[in-house]
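Enquirer: Here's the letter readout for the chains.
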Amino acid sequence: MAEAAGPVLRAPAGRSLSAMVLRRVGMSLLLLLAVSVVVFAGTEFLPGDVAQMVLGQGATPEALAGLREALHLNEPAVLRYLHWLGGLLTGQPGVSLVNGMPVAALIGDRLPNSLLLAGLTALVTVPLALFAGITAAVWRGTLYDRGLTVGTIAAVSVPEFLFATVAVLVFAVRLHWLPALADDVDTDSLRSLARSFALPVLTLALAIFAQMARMTRAALVSTLNSSYIEMAILKGVRPVRLVLRHALPNAIGPIVNAVALSLSFLLGGVVIVETVFDYPGLAKLMVDAVSTRDMPLIQACAMIFCAAYLLLVLLADIAAILSNPRLRHR
Amino acid sequence: MSAALELQPIARRRLSLPLLGLLSGILVLACLLLALLGPVLAPHPPGQIVSPTVFAAPSRVFPLGTDYLGRDMLSRLLVGARYTVGTALPAALLASLLGTGLGMLAAVRGGLTDAVISRAMDTLISFPSLIFSLVIVAALGSSLAVLVGTAAVIYMPGCYRIIRAVAVDIETKDFVRAARARGERTSDIMRHEILPNIVTPVVTDFGLRFMFIVLLVSNLSFLGLGLQPPLSDWGGLVRENLSGLSVGAPAVILPAVAIAVLTVSVTLLVDNLPGRKAAMRER
Amino acid sequence: MNADPPPHVAVSGLTVTGNDGTPIVADLSFAIARGEVLALIGESGSGKTTAALALMGYARPGCRIASGGVRVGETEMLGLGRRALAEFRGQRVSYVAQSAAAAFNPAQRILAQVIEPALVHGTMTRRAAEEKARGLFRVLALPDPEGIGDRFPHQVSGGQLQRLMAAMALINGPALVILDEPSTALDVTTQIEVLRAFKHAVREQGTTALYVSHDLPVVAQLADRVVVLRGGRMQEEAGIARLLAAPEHPYTRSLLAAAAPAPQSPPAVAADAPPLLQVTDLTAGYGGVTAAGVPRVPVLHDLSFAIAKGSALGVIGESGCGKSTLALVVAGLLPLARGEIRLDGALLPARVQDRTPAQLRAVQIVFQMADVALNPASSVAASLSRPLRFYHDLRGAAARRRVAELLDMVRLSPGLAARFPDELSGGQKQRVNLARALAAEPALLLCDEVTSALDTVVGAAVLDLLAELRRELGIAIMFISHDLSTVRAICEQVMILYAGRRVELGGRAALRRRPMHPYTDLLLSSVPELRPGWLEGISFTHLAEAAGGLMPADAQLPCPFFRRCAVHIPGTCDVLLPPHRVLGKGSEILCQRTEAELLDMQQTASAPA
Ligand SMILES: Nc1ncnc2c1ncn2[C@@H]1O[C@H](COP(=O)(O)OP(=O)(O)OP(=O)(O)O)[C@@H](O)[C@H]1O
Ligand code: SF4
Ligand SMILES: [Mg+2]
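Taken in sequence, the protein lines are chains A, B and C.
Residues are numbered in our numbering as their position in the first sequence, beginning at 1, plus a constant of 34.
Residues are numbered in our numbering as their position in the second sequence, beginning at 1, plus a constant of 17.
Residues are numbered in our numbering as their position in the third sequence, beginning at 1, plus a constant of 1.
Note that these hints are calculated values from the structure, not bench results.
The C-beta atom is built at its ideal place from N, Cα and C for all residues, glycine as well.
The reader is advised that the hints may include incorrect statements.
What the hints assert, rightly or not - Derived, one-sided and incomplete: chain A residues facing chain C with beta-carbon distance under 7 angstroms: (1) 58; (2) 265; (3) 272.
Build the full structure now, drawing on both the sequences and the hints.
Expert: Here's what the structure looks like:
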């Protein structure tokens, strides 16, 4: 029989909490390493001679040979990979093939802009989405819930550039409230900050909001459906206490998990939004680099995006591990 | 038992779609038909400049107006459907086929087979999808084959994870154990015991893969890194007409809306499919 | 507290329907006198829990209370608004759920949950409530009443959790306590302790209670009166003594008959028949095998036994003792770590892949959960055809004929062949399951809890069928169960497992005679009997032994029963492996004590508590 509660105290998983978290962190690092191999392999597929590409057709053989030496092009791929990885780890991911600038400097210019955009979006979205998700879960089955569910399902599958173009059309072209482009990021006055960020943040927030609200709702609903919630109702516990004392503490882990996972959708959205609004961020830098096939720059950007992505997924998993009371109280 | 997966073969369920599902089903079907018949239905040659006015408003001759060169927007949309669906459909099929096959294999074989495939998939899933495509496009360019292959590789791991999870769940069921105890081969167990029970998740997941891939392909085209002109899918149409945004031309919005109609109706259809249980969580 | 209205409960015309209007409980009426314990019995799906919840004015999502009345004291509960209802619940009427493990909030300490009804209703200060809770822990015979409340639910055993939930239900001194199958999920040895605690607590507090159960012997221990429910309707209502002595309703009679199945006469098996299956020094477990050749998670230890051609061996023990593991090992699904298995004298390879077709065919396994043992995507005919094709290369018309024969063999109509599993009842599924195993024409059937998931009446019919099949086909059976009465009914030989050790092996008759292994003695004394007063008759010795429960650390001891055993010899039992002893009655045990010592102690120890 599948008894849940035999007299035998089943031994817990046998691993301590910190060991599990450490193991999960280690796994992320390994994955990042695997990702770097794939990213590096990207260059290996590049047709033609990189040195030729950089110096153009008129380059002298001596110059070509010199550049090959400098770029370690004559070494076997494994060594080149190690060079590249070493550079990445020491903050020197090479120079741009297009303009000869250090990749680190190019990225250093743009990264804060992207972080600002993502940060602002998260700041706006998280409270709203949590509110929507939690209320929908508590009032599940109502018209409000069903409307939100259908709305978010639809919003998840709409391309970001539709949000972006419609937003520009409505707020900039029709209503003239806001500038369409956020090209000069002017952080001097709060007003101009708000004006230049409004559309990019709005667009990104719409996409992330739908994800986050959906996942938050799901996380809380599964808690609300559990036996101990029914038991609390039968004890005479009133709805507010039911949600605050019984459901939410158990749903915190899954909700943090949902928030972190939804935030990882930012990484795709930011590429589109920075392009549409010509926003000088990291994603725009990468898209431009793809057009010019500036591999060192592309690789460095890709690694940053992947690292950010893995970090968010890692946070999500750690939240799930930490929220298990069986592991917290042994 | 309630937590366990619904083991309901789709074929024997009475098909009772709610209204929303029915409506979205019709829309999806319409998009697929357009992809097939688009060029036949197009009133004007899609590549030809047929009007002196660029970004013309809709009229009787040009029901959806004209684009940035003065070409007929309706015709371009009708033909664009073919490229969008034509890239996404084979890619989704490929992703689903590979993901389902490998997922079942990993579940039934377990052990080392499972570990090796799962770690490889973990690596692939550690890339945000758009970033991965950017790296590939930079290295290999953006031919149709590269796009289809890239999209399939990106979305296969998600399918793999779901199918593996579902199959692992079924694999522990006693009817599979009974087949093992009988001495049946792995391939027979996959075909007779597992596959018939995962039809619903496979179909559902395929719908979602298709939707994600339409979005990816459109995004790439929108960035100018997808199919190159003269092949213009819907995402490409948005890009080439972007300059019309400031005059509020329908040419920018219409293709974007077309994409949204396709993706949203696929999602709603999947969501209203009978016996759906597959996770929307992935990607 | 102020003067209570008479705590008297009256249910009249209670009807609960599904959202589509189909009745789940229909027109149920009964009354409970103050201080009385009324039992509501019926099989799964008869609407017991739905009715019990309706008594709290609660209906699960998907159903609703359509009509009727529930009066507790002077209050009509079903007329109350939300607020008043919440006031009532947990204060005047309280509930003990079937699975305490699921009903406790995993993130809160136990004491906080036990006193919550007192706090939300403001009946006591926190200090007073905690004091009262500790008092209840003592009444309920919980270990460490001062400290147990500070633990989290996963840190106490299932039996303890069930009693802690009773404390939660009693904290406000309610007018009515509803207990919903509170001991069903427990092993028999754990169950007696819980039942004793419940009975003591209910009597001591003079509580009025509704006890929901499907288990007649358990009900006989606790209830004053019984209401029999079937298909949501009341079949019979009577005092417990009358009901047991002279049941009126035919359905009640069939329940009584199924609760005590009569032993089947075994088919003639030659006394010296060569063993069909011979297992020697089997050690097995999970998590792979270490360099030393022992499993990482050892489950079965040095098991030896044999099954003669056409005979039946019962394997019995509490949950987790390794019964299913044994079936998996013999079936070749879990490789053994040490020891050997012989079939008809030939060595049986450990893994299914290495067995010959003839060996595969000879050993067939029938699983516990009929629900998951059949492929939901295959029709009955398709399910039965797979082994026919695989073992006998039967196809087409020949296969169809054989499918019909097999269905006939398990007493199902051939019309069922086209059905899918979700169109069959539980009993029908288990018969199809059996037919699929029979399709191979096996020599040995491994039956893992084949009747445990079925209702008693349906299960009894499947047992009858198994006995008939043995007579007709001469198949040998390894019959695994946690239920002593079913094992006794169909097996001539019985093996008792404790923590993966074979503590006793003997004939069915020998099982009833002392001396026996101390654990066998406890197990036999723990099976509830169908007579009131049995619970009070349990000896102190057995109660003390039952209280321990098996702990993971016990498995490391030479005798895993050492900590619980009333006759253990410190310095011997915990350091030396117990020897095999053959007892005069014919069975073999694993114990340090001699036959004479055991007999002496078991006779003196069985005086009632
Ligand atoms: N796949 C597994 N991996 C590790 N341990 C397992 C596995 N399956 C079972 N166990 C453990 O092995 C022991 C024996 O389990 P088994 O299922 O054989 O018990 P059982 O006697 O059949 O119990 P029940 O009466 O509950 O069916 C238990 O402690 C269980 O937790
Ligand atoms: S060996 Fe010792 S502890 Fe074990 S059952 Fe016998 S007497 Fe009890
Ligand atoms: Mg078992």
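Enquirer: Each hint: holds or not?
Expert: Now the hints, each set against the structure:
1. 58: violated, 21 angstroms
2. 265: Holds. Min distance 4 angstroms.
3. 272: This interface hint holds because 6 angstroms falls under the 7 angstroms limit.
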